[in-house]
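S.K.: This is what each chain is made of:
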Amino acid sequence: MIQQVVRLESNQEVAEGLFLMRFDSAMIAERARPGQFLNIRTEERWSPLLLRRPFSISRVVGTSIELLYNVVGKGTKNLSAQRPGDRVDVLGPLGKPFGADDPFETAVVVAGGLGIAPFPFLTDYLEKKRTKILTFVGSRSLFTVDALHLQNVHYATEDGSRGFKGNVVECLADYLKKNRPPGPRLFGCGPTKMLGALSTFAQTHQLACELSLEGDMACGIGICQGCPVERTKGSKKYALVCTEGPTFDCRDIVLTS
Amino acid sequence: MKTSFSIGDVEFKNRVLVASGTFGYGDEVKDLVDVNKLGGIITKSLSWKPRDGNPPRRIVETPSGMLNSIGLANIGVQAFIDEKLPYLSTLKTKIVVNIAASSVQEYCDVLSLLEKQEGIHAYEINVSCPNVKEGGLSFGTDCAMTKEITARLRPLTKKPLIIKLTPNVTHVSEFARAVEEAGADAVSLINTLVGMAVDVRTRKPKLSTTTGGLSGPAIKPIALAKVYEAAQAVKIPVLGIGGIQSAEDAIEFLLVGATAVQIGTMNFIDAGASVRIAEQVREFAEKANLDDVGKLVGALDANVKYSVLQSWL
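Protein chains in written order, with my numbering: chain X, 10 to 266; chain Z, 156 to 468.
Derived from the structure by calculation, the hints contain no laboratory data.
Among the clues, some could well be false.
Said to hold, decoys possible - Mimicking EDC-like on lysine to aspartate or glutamate, the simulated pairs with C-alpha atoms at most 16 Å apart in a straight line are:
| hint | chain 1 | residue 1 | chain 2 | residue 2 |
| --- | --- | --- | --- | --- |
| 1 | X | K105 | Z | E183 |
| 2 | Z | K247 | Z | E166 |
| 3 | Z | K192 | Z | D207 |
| 4 | X | K246 | Z | D207 |
| 5 | X | K242 | Z | E273 |
| 6 | X | K245 | Z | D207 |
| 7 | X | K138 | X | E114 |
| 8 | Z | K361 | X | E114 |
| 9 | X | K83 | Z | D354 |
| 10 | Z | K204 | Z | D264 |
| 11 | X | K105 | X | D258 |
| 12 | Z | K239 | Z | E273 |
Said to hold, decoys possible - One side only, chain X facing chain Z, incomplete, derived with CB under 10 Å:
| hint | residue |
| --- | --- |
| 13 | R61 |
| 14 | K141 |
| 15 | I142 |
| 16 | A182 |
| 17 | M226 |
| 18 | I230 |
| 19 | T265 |
Said to hold, decoys possible - Examples of chain Z residues lying across from chain X (beta carbon under 7 Å, computed):
| hint | residue |
| --- | --- |
| 20 | E183 |
| 21 | P218 |
| 22 | I225 |
| 23 | G371 |
Glycine included, every Cβ here is placed at the ideal spot set by N, Cα and C.
Could you build the full structure based on these sequences and the hints that come with them?
M.R.: See below:
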């Protein structure tokens, strides 16, 4: 775990409402694994904004780190206003990565909207291992991830403006009815409702499935105990998203929106 | 430059400690900070049995602050002894174990079990958690009950007994006096203030428990006034807590009468803040040509003639 103040190389809107931030950190680049996250803030004193904000590591290119985000509140608005050269305080890499080295043959990436954020990194990693990758991206309306490094992208939009008309889990179900990718493992990230549907689908069809969750957290390192997710089994009722996740086997957690 | 201070016969190397629930059990942050440079570590609250804590959502950011409703999630005293105390015992700083309970007997049981262990220097008693139904705030807002808990614990240990007070009362000085009379060695304040946030779109409270505890820089002015009030009322040391982000903030607490301070919420944002603040407080005293940081304690230059607070002391 590294805490470091870095200078932004770039921070710009790459598609409507979708921002890409890039900075250089050899130490984080060397340690980061797909599925991990960073907890960041923009200045030493950030008042009246107080806490760091957690973001998936979207991609590591050489020693550069990329984060994808959209503006949802004051924190991300503040972040989007930072210019190249501005300083950002970064803590990470944090959390449990995806099981990218586990034995499976086809990675089936399933993302809802900005849930696409961790997957360019996973795609890079799996390409090196020559693992087959399918990507399903869902959104309410047109949402383009053409600028991102992904493979075999299938779009689902609820208004039918691009690709499959319906939600991303329906799109995946439709695809799997017609195709049988060998040795699949699902990797999901997105809104809780979508992850719940994906979890149900995966368990019904006995497909291995890892989900990357969000949590409202303060520290990101297991101290504040702010980000519990209910477990399905075991003596402890909750797991912490920050240290025991953010990636979980879908069978281990209860998703409630 | 003397930086140390004592509670009873326990000497703390400097006047900056980390507050309960904001530093885990000390092992989570060892990559980020040299914990041996802290005045002391106050552990996450321990209860007799492990506690799962409250359902999500437990954390909400508010302007210059945060609301939490963790619900005293902790591993329980036995697991603490087995899994955490061996590491804490190796540290060259003072270990203060914080105890929370839902009955007077539970406080006594936890403390008695801890008394049999090596490596604990003092106890802080949490009678002021706003996020659990039994015990917690219902104890801390009842002066007679707060006093009774102190009186019952006092004969069980010779180690310093620090009672952590809630600001959710009219006059915290009454509570400070009561626990001093019952034999407490120090008081620490403030615990969080009861607060709330609402999602206007769903019309639901943002926290699962509706209300939670407000902490962070937003509460610092309130904390300073409460610490000032308590320090005027008692002779035992007062540990000041509430929204400290910088050495300047810490020094404000010392000036109003805090013998030492605890850093809380800031640890979530910057685990190294407390060590840095301790160092900068020392530098401030040096620049002021003092030979002891303690000379800042209570050195406030206030005209009591105009102080409203005097009327209820």
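S.K.: Against each hint, give a clear statement of whether it holds in the structure.
M.R.: Against the structure, the hints:
Restraint check for K105 of chain X and E183 of chain Z: satisfied, since their Cα atoms lie roughly 15 Å apart, inside the 16 Å limit. Among the hinted pairs, K247 of chain Z with E166 of chain Z is consistent with the structure: their alpha-carbon atoms are about 12 Å apart, no more than 16 Å. For a cut-off of 16 Å, the pair hint linking K192 of chain Z to D207 of chain Z is broken: about 32 Å separates their Cα positions. Between the alpha carbons of K246 of chain X and D207 of chain Z the distance comes to roughly 6 Å, so the proposed pair stays at or under 16 Å and holds.
For the suggested pair K242 of chain X and E273 of chain Z, the alpha carbons sit about 35 Å apart, so the restraint of at most 16 Å is broken. A C-alpha spacing of about 7 Å is found between K245 of chain X and D207 of chain Z, which places the hinted pair at or below 16 Å, so the restraint holds. Taking the CA atoms of K138 of chain X and E114 of chain X, the gap is about 10 Å. The hint holds against a cut of 16 Å. Proximity of K361 of chain Z to E114 of chain X is assessed by CA-CA distance (about 42 Å); at most 16 Å being required, the pair is judged violated.
Of the supplied pair hints, the one linking K83 of chain X and D354 of chain Z holds, its CA atoms being roughly 15 Å apart against a limit of 16 Å. Using a Cα cut-off of 16 Å, the hinted pair K204 of chain Z and D264 of chain Z holds, with the two alpha carbons roughly 11 Å apart. Distance restraint check for K105 of chain X and D258 of chain X: the Cα-Cα separation of roughly 11 Å lies within the 16 Å cut-off, and the hinted pair is therefore satisfied. For the given pair, K239 of chain Z sits about 12 Å from E273 of chain Z by alpha-carbon distance, which is consistent with the 16 Å threshold.
Hint on R61 of chain X holds. Least Cβ distance to chain Z is approximately 6 Å, under the 10 Å limit. For the restraint placing K141 of chain X at the interface with chain Z, the shortest Cβ-Cβ distance is roughly 36 Å, beyond the 10 Å limit, so the hint is violated. A least Cβ separation of about 32 Å between I142 of chain X and chain Z goes past the 10 Å threshold, and the interface hint is therefore violated. A least Cβ separation of about 29 Å between A182 of chain X and chain Z goes past the 10 Å threshold, and the interface hint is therefore violated.
About 6 Å separates the beta-carbon of M226 of chain X from the nearest beta-carbon of chain Z, less than 10 Å, and the hint is met. About 6 Å separates the beta-carbon of I230 of chain X from the nearest beta-carbon of chain Z, less than 10 Å, and the hint is met. A distance limit of 10 Å between C-beta atoms decides the matter here; for T265 of chain X the minimum to chain Z is near 9 Å, and the interface restraint holds. For E183 of chain Z, the interface hint holds, since its Cβ comes within 7 Å of a Cβ in chain X; the closest pair sits about 5 Å apart.
Annotation: interface hint on P218 of chain Z holds; nearest CB of chain X at approximately 4 Å, less than 7 Å. The interface hint given for I225 of chain Z is met, as the beta carbon of that residue sits about 5 Å from the closest beta carbon of chain X, less than 7 Å. Among the interface hints, the one on G371 of chain Z holds; its C-beta lies about 5 Å from the nearest C-beta in chain X, closer than the 7 Å criterion.
When the structure is compared with the earlier hints, violations turn up for hints 3, 5, 8, 14, 15 and 16 and for no others.
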